[in-house]
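Novice: Respectively, the protein sequence lines represent chains A and B. Residues in the first sequence are numbered from 1 upward in steps of one, following our numbering. Residues in the second sequence are numbered from 151 upward in steps of one, following our numbering.
Since the hints were made in silico from the structure, they are not lab data. In this text, a Cβ means the ideal position worked out from N, Cα and C, and glycines have one as well. Don't take every hint at face value.
With a straight-line Cα cutoff of 25 Å, these simulated BS3-like cross-link-like pairs (lysine-lysine) come out [stated by the list, open to error]:
hint, chain 1, residue 1, chain 2, residue 2
1, B, K185, B, K170
2, A, K121, B, K321
3, B, K321, B, K263
4, A, K14, A, K38
5, B, K304, A, K122
6, B, K304, B, K163
Using C-beta positions, here's what the derived DEER-type ranges look like [unchecked claim]:
hint, chain 1, residue 1, chain 2, residue 2, range
7, B, S205, A, S41, 48 to 56 Å
8, A, S54, B, A249, 26 to 34 Å
9, B, Y275, A, K14, 38 to 46 Å
10, B, H215, A, P25, 53 to 61 Å
11, A, F119, B, E339, 24 to 32 Å
12, B, G451, A, L127, 46 to 54 Å
13, A, M51, B, R455, 41 to 49 Å
14, B, Q333, A, A20, 28 to 36 Å
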Amino acid sequence: MATQQQPATGVEKKPVPIVAYLHLPESPDDEPYLWGNKCKSCGAVYVGSRMACSKCSSSELEEIRFSNVGEIWTFGVVHQSMPNVPTPFVAAIIDLPEGASVRATVTGLDPTQPDPAWFGKKVQMYLEKAYTNKQGDDIITYKYRPVEGS
Amino acid sequence: MREVAIVGVGMIKYGRYPDKYVHELGAEAVLEACKDAGIGVKDIQLLVSGNLYQSNAMVGQRILHQIGQTGIPVVNVANACATGSTAVREAYLAVASGAYDIAAAVGSEQMGKMGLLGGRGEDPYGRGHPSEGHVGSGIMPTVFGQAGVEHMRKYGTTFEQFAKVAYKNHKHSVQNPLAQYQQEFSLEEIMNSRMITWPNTLYMCCPTGDGAGAVVVMPADKARQYTNAPVIIGAAILTSDPWSERDLALADVNTLTRLAAQQAYEQSGIGPEDLDLVELHDCFATAELLHYENLGLCGEGEGGRMIDEKRVYHGGQIPVNVSGGLLSRGHPLGATGACGIAEVVWHLRGQAGGRQVEGAKAGLAHVIGLGSACTVHILKR
Chain A
1 MATQQQPATG VEKKPVPIVA YLHLPESPDD EPYLWGNKCK SCGAVYVGSR MACSKCSSSE
61 LEEIRFSNVG EIWTFGVVHQ SMPNVPTPFV AAIIDLPEGA SVRATVTGLD PTQPDPAWFG
121 KKVQMYLEKA YTNKQGDDII TYKYRPVEGS
Chain B
151 MREVAIVGVG MIKYGRYPDK YVHELGAEAV LEACKDAGIG VKDIQLLVSG NLYQSNAMVG
211 QRILHQIGQT GIPVVNVANA CATGSTAVRE AYLAVASGAY DIAAAVGSEQ MGKMGLLGGR
271 GEDPYGRGHP SEGHVGSGIM PTVFGQAGVE HMRKYGTTFE QFAKVAYKNH KHSVQNPLAQ
331 YQQEFSLEEI MNSRMITWPN TLYMCCPTGD GAGAVVVMPA DKARQYTNAP VIIGAAILTS
391 DPWSERDLAL ADVNTLTRLA AQQAYEQSGI GPEDLDLVEL HDCFATAELL HYENLGLCGE
451 GEGGRMIDEK RVYHGGQIPV NVSGGLLSRG HPLGATGACG IAEVVWHLRG QAGGRQVEGA
511 KAGLAHVIGL GSACTVHILK R
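I would like the entire structure built from these sequences, with the hints used as guidance.
Specialist: Structure below.
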């Protein structure tokens, strides 16, 4: 496939996170992570930002950085999806130790053998290039795979 | 608030109508409901029109352009899959409040051969990046599949038990001439049909299609001038999703249904044990089983037993979706809520033909729209 021609600006385009709540490393010693908001009043935790706490209505929220490990709460195995989305894949809800849950694709599990042993399975986040969009931006996603030995 | 009765209902057979427009489908349903009520279009004082995919297109007014421009107020509503039932509730409230004496609600939708449904519309500034497959999945068979798998995790529910739900509803549909599909399948055919999102196979997913339904409501005392068999609206409840633990990652279809059911039982004084039939939102087979528990038809974790022991079959302890449900009757989004209510009305009047639940005195119609909105209507003779 031909790569899209970029104007020679001398400046490399920055990769773009697929969702706002994904932080991409900005320097060699920076780590990727998911972030959210935590209510200072009731402790409810949200993925991404909130204008106020949707549990208790307090507007006192603080930013929180999530761990890069989590556990599978539930999942489905997608065999038919939107056009150009390769299948099958495991679509899971991951519980994060800080008290929030995220949607995610999980790799490293055999999608042809959905297994109750996947409930509670420890998974580790990693980054992957999803695609290059029409503007020539590399869109970066997060996915999870089982923690070795779990 | 005044007591309100349903005096007329109408529904067109669900299917695909490429030679008709959505307002024509809606107009047919309104005319049928008027005929059923013994009124003319000129008698309608308020029209509430529910439609989702053409919600910017004044479908309610376009219906009146077909059948009678009387200058009455028309309200167009959209509330995901709960659109049609939200329209009925708005008509109910308008009459209950005393503001109007005769109101009509219509739900209509034209989806054609639209395939998998995702989530949201386009952003005016083009923000956001396509994420399907990259960040899990937001398509409906997945979302409702994950909710079913959560039930598997909690209670050991099996793929086969979910498949049995589809078996039952397809079997029921054979008796409903208004259903989009009237075809029975064996359990093996259902389990071996194409997998969409495990654990929902093709025959465990509702189809897309076209349809319309309408309801005419009046104050109960006035209703007796028009019919010997008014059906009383015991409760018309609408909820949105309250905060719950994982709702924003995995749409929580349970909590708002429980909230709506509890309010409906309180308002109507009719409990789950008093119901003779239930039409509930089986958009996917995995969803129906959860709602047995959410609506209090059984105890926690007993959903699997309800289907195994055939208690939710026609002739069982509490028949669920004798119309064939969304799985077979079809699910033109904006029409569904109005038609579930029409179905219960026919049973309470003894007009449901081969699928009649004999002696039905009270029934419940439940709809959930993802995002989320839930309606529960309890109707009684």
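Novice: Determine which of the earlier numbered hints do not hold for this structure and return their numbers in increasing order.
Specialist: Violated hints: 2, 4, 6, 7, 9, 12 and 14; rest satisfied.
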